[in-house]
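Fit chains S, X and P to the given chain W structure using the hints.
If you want the building blocks of each chain, they are given just below.
Number of protein chains: 4
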Amino acid sequence: MAGSSFGQSFVVTTFGESHGSAVGCVVDGCPAGVPLDIEAIAHALERRRPGQTALTSPRRELDQPRILSGVYQGLTLGTPIAISVENTNARAKDYEAWHDRFRPGHADFTWFARFGHRDPRGGGRASARETVGRVAAGAVAEALLAALAARAQRGAPRIVAWTQQIGEIATEIAAPLDRAAVDVSPVRCPDAQASAAMIAAIEAAQRDRDSLGGVVRCVVTDLPPGLGDPVFDKLTGLLAHALASLPAVRGVLFGDGLAAVAMRGSQHNDPFTRSPDGRIATTTNHHGGVLGGISTGMPLRLDVLFKPVATIPQPQQAIGAEGPPAPLTVLGRHDPCVVPRAVPIVEAAVALVLADLSLRQGRL
Amino acid sequence: MAGSSFGQSFVVTTFGESHGSAVGCVVDGCPAGVPLDIEAIAHALERRRPGQTALTSPRRELDQPRILSGVYQGLTLGTPIAISVENTNARAKDYEAWHDRFRPGHADFTWFARFGHRDPRGGGRASARETVGRVAAGAVAEALLAALAARAQRGAPRIVAWTQQIGEIATEIAAPLDRAAVDVSPVRCPDAQASAAMIAAIEAAQRDRDSLGGVVRCVVTDLPPGLGDPVFDKLTGLLAHALASLPAVRGVLFGDGLAAVAMRGSQHNDPFTRSPDGRIATTTNHHGGVLGGISTGMPLRLDVLFKPVATIPQPQQAIGAEGPPAPLTVLGRHDPCVVPRAVPIVEAAVALVLADLSLRQGRL
Amino acid sequence: MAGSSFGQSFVVTTFGESHGSAVGCVVDGCPAGVPLDIEAIAHALERRRPGQTALTSPRRELDQPRILSGVYQGLTLGTPIAISVENTNARAKDYEAWHDRFRPGHADFTWFARFGHRDPRGGGRASARETVGRVAAGAVAEALLAALAARAQRGAPRIVAWTQQIGEIATEIAAPLDRAAVDVSPVRCPDAQASAAMIAAIEAAQRDRDSLGGVVRCVVTDLPPGLGDPVFDKLTGLLAHALASLPAVRGVLFGDGLAAVAMRGSQHNDPFTRSPDGRIATTTNHHGGVLGGISTGMPLRLDVLFKPVATIPQPQQAIGAEGPPAPLTVLGRHDPCVVPRAVPIVEAAVALVLADLSLRQGRL
Amino acid sequence: MAGSSFGQSFVVTTFGESHGSAVGCVVDGCPAGVPLDIEAIAHALERRRPGQTALTSPRRELDQPRILSGVYQGLTLGTPIAISVENTNARAKDYEAWHDRFRPGHADFTWFARFGHRDPRGGGRASARETVGRVAAGAVAEALLAALAARAQRGAPRIVAWTQQIGEIATEIAAPLDRAAVDVSPVRCPDAQASAAMIAAIEAAQRDRDSLGGVVRCVVTDLPPGLGDPVFDKLTGLLAHALASLPAVRGVLFGDGLAAVAMRGSQHNDPFTRSPDGRIATTTNHHGGVLGGISTGMPLRLDVLFKPVATIPQPQQAIGAEGPPAPLTVLGRHDPCVVPRAVPIVEAAVALVLADLSLRQGRL
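Chains as they are written, first to last, in numbering that gives the first Met the number 0: chain W, 0 to 363; chain S, 0 to 363; chain X, 0 to 363; chain P, 0 to 363.
Extracted from the complex, chain W is given alone in its bound form:
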């Protein structure tokens, strides 16, 4: 496979540039008979869509998905599911001013080094707009997970992510009940006090013509034990791959993450116990639901670190393929902080991994 595909059995290929005709995905390997509602896909895209609040990019895309193949009368056919979303609001002109300059913190230079050209129409495929395909595919993955769980007569894994930190404002809350509880906050932080502080921090950064990063935490409950395909395709390995390949990600942590490093084994080892219904569980969850790269059945917990947005409307030292560096001020429609919009993208990436591993292991 080339670099735009992910998965072995549930294989997602995304396509599309930020300012081309369309973006989208092809999902190959989804079994037949999975109920798939285009509204579920549209809803997922709506959650990642820019232009929703003053805090995010004013670029407005309706992001209406179109299913080109693979679904008939609301059920998957077992054939490739192609989903396309038109780029209706691309304004390439915005970018002309610096089409021969490499912007600091951006992929302009590295894509030039890799491909020998620059797409002068904006970030091209390095743009976060590429994640439209991942989110649409993630909605298919969630439909599959629901169908597999229904067949096995158990509850489907529930994937819920939220904003854990923006800039220096962090929270420590228990996992929210569901996505609706997360979406109550404009920054998707279901801790009212932290949410307000995060909003203030973003507004302050915006006033300063600056930007912020942050952390998205994701928890998956009702995940059965036994998911993971050692040694390379451990659950941790595949999740790290799917998440670290998202735009602007600087790290992925599992369970207690950095705190685990400073613990002793006697603190970090979670004692085993048996739950009231007879299942094996642990009394604590430092391990975050994964041991030896395979799910334990305890809630899966991970953190995804995002750097501050590279585009800031203030002069910075840029450079071209030739010539000396010189100050450049980048304009355009960009989020001062991508973290709230990254929440559904993280959920989608996690769903892709869980769907792929579920199929690989024959859990039909």
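Simulated from the structure, these hints should not be mistaken for laboratory data.
Each hint should be verified, as a subset may be incorrect.
Said to hold, decoys possible - Label pairs and their calculated CB-CB ranges:
| id | chain 1 | residue 1 | chain 2 | residue 2 | range |
| --- | --- | --- | --- | --- | --- |
| 1 | P | R153 | X | Q63 | 58 to 66 angstroms |
| 2 | P | A151 | W | R278 | 41 to 49 angstroms |
| 3 | P | Q63 | S | T328 | 38 to 46 angstroms |
| 4 | S | R153 | X | D36 | 33 to 41 angstroms |
| 5 | S | S274 | X | L74 | 23 to 31 angstroms |
| 6 | P | Q72 | S | P312 | 25 to 33 angstroms |
| 7 | W | A173 | X | Q63 | 36 to 44 angstroms |
Claimed, not checked - Chain S residues, not near chain W, derived (Cβ > 10 angstroms throughout):
| id | residue |
| --- | --- |
| 8 | S20 |
| 9 | P34 |
| 10 | E38 |
| 11 | G212 |
| 12 | A241 |
Unchecked claim - Some but not every residue of chain S turned toward chain X, in silico, with C-beta under 10 angstroms:
| id | residue |
| --- | --- |
| 13 | P224 |
| 14 | D228 |
| 15 | P229 |
Quick reminder that beta carbons are idealized off the backbone N, C-alpha and C, glycines included.
Using the frame of chain W, we list chains S, X and P on its own:
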């Protein structure tokens, strides 16, 4: 591919259980004509070998590699390179006492959930002994990287990792010159003061029948710009996959990692400049050598987080497939801290990714 | 990868059902900077399009390709190339009469057995309409082959297929000069006498409400030696895969094919010689351009066998999921002989293999 | 994947050169709990082993397999199964005489063109000795098929191949009952009269210092309907790939093969019926068990065409990298006809495909 292979063009498959006949790897896709010395492989294995100091596992394996195929008169043939290492010192009897119990913090339960059986001979393939195959393949990868660089008449990428933190003892040092400078320290921390403190910490943990985790930092210099295959197989995506699939890893961080999260864009964006020899560079390196998932030519920098070793010789609450939890004391030959031995393993994982991407991009 | 993708480095994924919204493909792995003209794709689709003569299906599709991504200002971007072709003339009603019956010689029963459902709108993805995606991708592959050859300052491989046999009418001609010479004949047989006989045979079959099969021969000239990736991905292995997966194919033969079986080694071995320009060649070409699964530089020659079209407008014994067999007469718009339209499809399949192998071997 | 691996879920990687240390395979993806007897592997290797009769190569290898990993107490562990067979009887000296010449009909020149070097120790990996790994893996595949069938409480697919033609001597017999019935004949043709004629033909060729080709037919009974993964990984596509990548293969035909080409649809379409036990069947089997690339449940039938052996002990026109062509007489230990030994190799290739598709489709 199933879960024991990694890579698209430089494809590594590892095989072997901790207490089976042999461990090893097959490397497929390495071009013909690469000088490959079995001594280089033996040296790499020697660096990860247990039993070297009082601080590591007393299990003694000579770990002599045997090349079964793919190399003739010191040159690769372009055919699969199979490397096998016999397990000469497996003591399955050590494990019999708890072969029907799932040890806390170990993969016993999850492998049972995944595969429906337990290898009573110890960790089986969940054991860190599996990394013998990765390290041998990493030595092949480094030979390939050297050959590719020689053909292109540039210096080969230099991959150097070291112990950055053990338990609560951390250091902040500049990247060491080479691996010899790292190996001076018994814990592979090239900061004499921190090294001494780490040794003391490990000895204290050992006295307390406990264990420690830590952080391995890795830096790659002389990496050309343009390496990475978006969107899923970005350099960050593949590195995270290779590293998070190592035993005991709890996280992977790129560049400034957690610190980046709290920065503003104006701090984190590295200004572009032109180096004296005309190449494009940045004046700082917060980005750690990767922008948009593609190498920039600046030093690649990443951190790998390891949890404390699960095996501790004190009573812990274990459980079996049936019955209530009960205290268990696990004996055996285990490291109180794997971090020093993880250093060459991290280097190998990084080398696998760089070799694969180099071939995929046709940099022959 | 799941079953709708082909290739390792030049990866083609096709999508679409015969009577869904659209058919098409995504090509991932094509390097940047390849000149790609949408007219070339349109022309390739035009050659496989039904409705051109009285001898082929009266279904009329304009088959206008739309490039959704991966191309900008006539050059590939190095990103996935998504191409979509709308299904404008699907007449699902035609099929309603036998939506609960399995037609003899068709894939109705086997797709039901595989996927647990039937697409009542015709052959679904088992229809030859699926090959639209392969032909579009084949045009991209040919553009890549041309670009690679231009960079290497040699002539591009010339892939020319033609109708070698229809029903019992066979010809033995030298390879035609180019596709234009082939397209002169309505049945794509560049032997005027055989062509006339083939047309008569098809008309006779049509009168008898029956159908015919045939053989497509393909020759590739100017293919450099050294193409093939043993042991599984030999040139023969990949070509056989690409060709035997086409609809209605019953066999693939290389070089002298069936005749080779009855030869002795002394007859079949082609003596080596040196061509006037110094290259190594053979004085005869029984081997058809491949030895040991790798191209020799001599013309590649292969035959693809097609069974007679399954759809015939006369009563046949069909069956449903339940109940006894019963006669069924299938109506619809179908070719009495697919062989002429298969010619560009075979060329496309061959182009996909050559493009993939060229990239895998780093012949940039 | 690189070229020495085959399969998506049941992934086989073979390794080893004809005159290196060892040949073998790694099978990744085989589920845990499959009974696997080393005797079954040894028996399969024994059937392909040279040196059994005067009709085959006098090279004598004991071909004792050693299982390095993945099996414990007679059951698979779900981890990679590495199998190694030592090369004990390699006589590289035999080859020294022509190490700088390319033998006609051999892969010497093409491997040189591909890899830029020659393995002077004989055919290297182009030698049929490479198929040791395929045959060992085939034995694992058959063990898996048996285990899957047992779990599903049905009979396992029975794969039986035999010699259908040698040189100009062909037979037309019904599928033999089992492999024992085939092995009665020294040329593996279970038609006593044809067998005798084939033996005479081989002896005549041997006397003439010449060689013969032939056809292996393979039939699989008790194969359930529904196996195949369209559109590229149809059962036909994968079988063609596995078979056409075997040494010396010149073609693969399904069902009626070449005869189908000259039939009309009304002759070739097999009428559907219902078998006494209620299953859907066809009254004839022109289609050879595959429709639309998916198994029908009728016996799978295919022919594999082998060219005459390239090595013949008489002068032929060879060439070197430099210089003019000149006569060369090749000595060594080679079969005058490989077809009898190809029988178990064809069976193994078919088993690999069936095992892979069975796992891919979740038929656990």
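Violations among the numbered hints, reported as their numbers in ascending order: Hint check: 1, 2, 7, 11, 12 and 13 fail, others pass.
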